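> In case you want the letters, here they are:
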Amino acid sequence: AQSVAQPEDQVNVAEGNPLTVKCTYSVSGNPYLFWYVQYPNRGLQFLLKYITGDNLVKGSYGFEAEFNKSQTSFHLKKPSALVSDSALYFCAVRDMRYRVGDYKLSFGAGTTVTVRA
Amino acid sequence: DVKVTQSSRYLVKRTGEKVFLECVQDMDHENMFWYRQDPGLGLRLIYFSYDVKMKEKGDIPEGYSVSREKKERFSLILESASTNQTSMYLCATSTGTLLSEYDEQYFGPGTRLTVT
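As you go down the protein sequences, you meet chains A and B in turn. Position one of the first sequence corresponds to residue 1 (the working numbering), numbered consecutively onward. Position one of the second sequence corresponds to residue 1 (the working numbering), numbered consecutively onward.
Keep in mind the hints are simulated off the structure, nothing from the lab. Values in this document were obtained by computation on a predicted structure and should not be read as measured data. By construction, the Cβ of each residue, glycine as well, lies at the ideal position given by its N, Cα and C atoms. Heads up, some of the hints might be wrong.
Calculated cross-link-like contacts (lysine-lysine; reagent style DSBU-like; alpha-carbon spacing at most 30 Å) [claimed, not checked]:
hint : chain 1 : residue 1 : chain 2 : residue 2
1    : B       : 13        : B       : 55
2    : A       : 77        : B       : 18
3    : B       : 13        : A       : 49
4    : B       : 71        : B       : 3
5    : B       : 57        : A       : 49
6    : B       : 71        : A       : 49
7    : B       : 18        : B       : 55
Stretch by stretch, here's where chain A covers chain B in the computed footprint (C-beta under 8 Å, at least three residues) [as the list claims (entries may be wrong)]:
hint : segment
8    : 63-77
9    : 81-87
10   : 103-114
Based on the sequences and whatever the hints tell you, model everything.
Shown next, in the form of structure tokens:
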């Protein structure tokens with residue numbers, strides 16, 4: 001079984017401050033991990049993913065995420081938040097131990113980020 | 001760029017009606033997915049398909065069925081709509097080869113369905 005937890009429903013930060021959105025996961029094997037963002041009235045957009053290798057992954061719009069196997073976490077970070085980063089963020093996981101034809105992801109409940117000017 | 005389109009952005013239906021939601025993709029992806037999105041619950045997988053005429057149940061298939069007659073098109077069917085199926089429905093696609101099992105999913109804009 002695979003699952004994701006996003007412990008914070010909401011994150012509020014001031015523009016220019018660092019932004020962190022937390023994610024922890026549970027899988028039987030090793031994980032593929034993803035972050036998506038949803039802007040109001042739009043579908044989800046892919047931000048970044050971790051497959052293997054370097055624990056720090058860089059993605060779109062200046063975001064990065066750090067994979068920590070011992071803590072089973074994959075927190076999303078941005079050094080300096082913008083008002084335009086205000087959106088709903090989803091973490092997702094897929095167990096590398098898959099069966100042929102099973103490509104489904106498990107998503108967290110989402111974290112609403114509000115960046116105030 | 002991958003383009004995933006959904007037949008309607010907003011839909012209002014009555015209880016008991018049969019509802020069709022259609023998703024079309026233009027990137028020749030093997031995998032297609034239907035999710036529903038509800039506040040506080042995130043995205044929950046209803047059904048997915050990894051090939052034409054193939055379908056697999058997701059986490060919440062009850063009350064839904066799907067059809068995939070062509071590679072580019074994946075339909076979600078609510079046989080008899082109920083008020084608890086009021087939700088945002090998202091379609092997604094991904095490549096499906098064994099060499100790309102970690103590829104990200106691409107999402108459509110969503111259909112907000114209200115059942116009254």
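> Look at each hint and say if it fits the structure.
Each hint tested on the structure:
About 26 Å separates the Cα atoms of residue 13(B) and residue 55(B), which keeps this hinted pair within 30 Å; it holds. The suggested pairing of residue 77(A) with residue 18(B) is violated, with an alpha-carbon distance near 44 Å, which exceeds 30 Å. Of the supplied pair hints, the one linking residue 13(B) and residue 49(A) is violated, its CA atoms being roughly 38 Å apart against a limit of 30 Å. For the suggested pair residue 71(B) and residue 3(B), the alpha carbons sit about 14 Å apart, so the restraint of at most 30 Å is met.
Pair hint residue 57(B) plus residue 49(A) holds up; C-alpha atoms about 25 Å apart against a cutoff of 30 Å. For a cut-off of 30 Å, the pair hint linking residue 71(B) to residue 49(A) stands: about 26 Å separates their Cα positions. Proximity of residue 18(B) to residue 55(B) is assessed by CA-CA distance (about 20 Å); at most 30 Å being required, the pair is judged to hold. Given a C-beta distance limit of less than 8 Å, the hint that chain A covers the segment 63-77 of chain B is violated, as 0 residues qualify and 3 are needed.
For the segment 81-87 of chain B, the assignment as covered by chain A is violated, since 0 residues bring a beta-carbon within under 8 Å of that chain's beta-carbons and 3 are needed. Counting residues of the segment 103-114 of chain B whose beta-carbon sits less than 8 Å from any beta-carbon of chain A gives 7, enough to reach three: the coverage restraint holds.
Checked against the numbered hints above, the structure breaks hints 2, 3, 8, 9 and satisfies the rest.
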